[in-house]
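Peer 1: Work out the full structure, taking the sequences as your base and the hints as a guide.
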Amino acid sequence: MEGKVISTNFVESAVVNAPVSAIWPFIKLKEFGKFYSAIQKVETIPGERETVKWYFENDTILTLQEEEYSTVKKSMSFNIIKCEPWGLPYTGALSTLRLYPITSGDAKGKTYVEWRGQYSSDATADIIEDAKLKRREGLADLAKYFENKSI
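Each residue of the sequence shown is one higher than the one before, counting from 3 in our numbering.
Derived by calculation from the structure, the hints in this document are not laboratory data.
These numbers were taken from a predicted model, which means no experiment stands behind them.
For each residue, glycine too, the CB sits at the ideal point set by N, CA and C.
Only true hints are included.
The list that follows gives simulated cross-link-like pairs (lysine to aspartate or glutamate, EDC-like), each with its CA atoms no further than 16 Å apart:
(1) 84 with 68
(2) 32 with 68
(3) 136 with 116
Simulated restraints, written as ranges between beta carbons of each label pair:
(4) 124 with 36: 31 to 37 Å
(5) 40 with 15: 16 to 22 Å
(6) 69 with 27: 17 to 23 Å
(7) 59 with 108: 33 to 39 Å
Peer 2: In structure tokens, the structure reads:
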């Protein structure tokens, strides 16, 4: 049986016109609604680890849980643990955002932002493509948010 082989790991990235120190405070699950235009509302759920619900304009609600937050590495990882109203069409997905300062060249003082996705092997090609698109949109919104800020 022949099938299309897809990678369930991917990276999307962007250069944001702001230093890491300005962007880092927004790299928390509860802060994404401030820049990510697709998120209509963010609800914090009490618990040991940061857990939130993101409400989207298409009536999707994602429940996300932080897995790692490193001020040293300037990275944050989270899992999608629930999707309403449809349920998750895959076993698991881990997202990691990491910020890197650009220290030379024309982009010196800006930030390279990387958003990785690692999906379980049962994720389809359509799911992976949609996840890539959503990360590109989120990164574009982050860049747009800082475009007109005087930092």
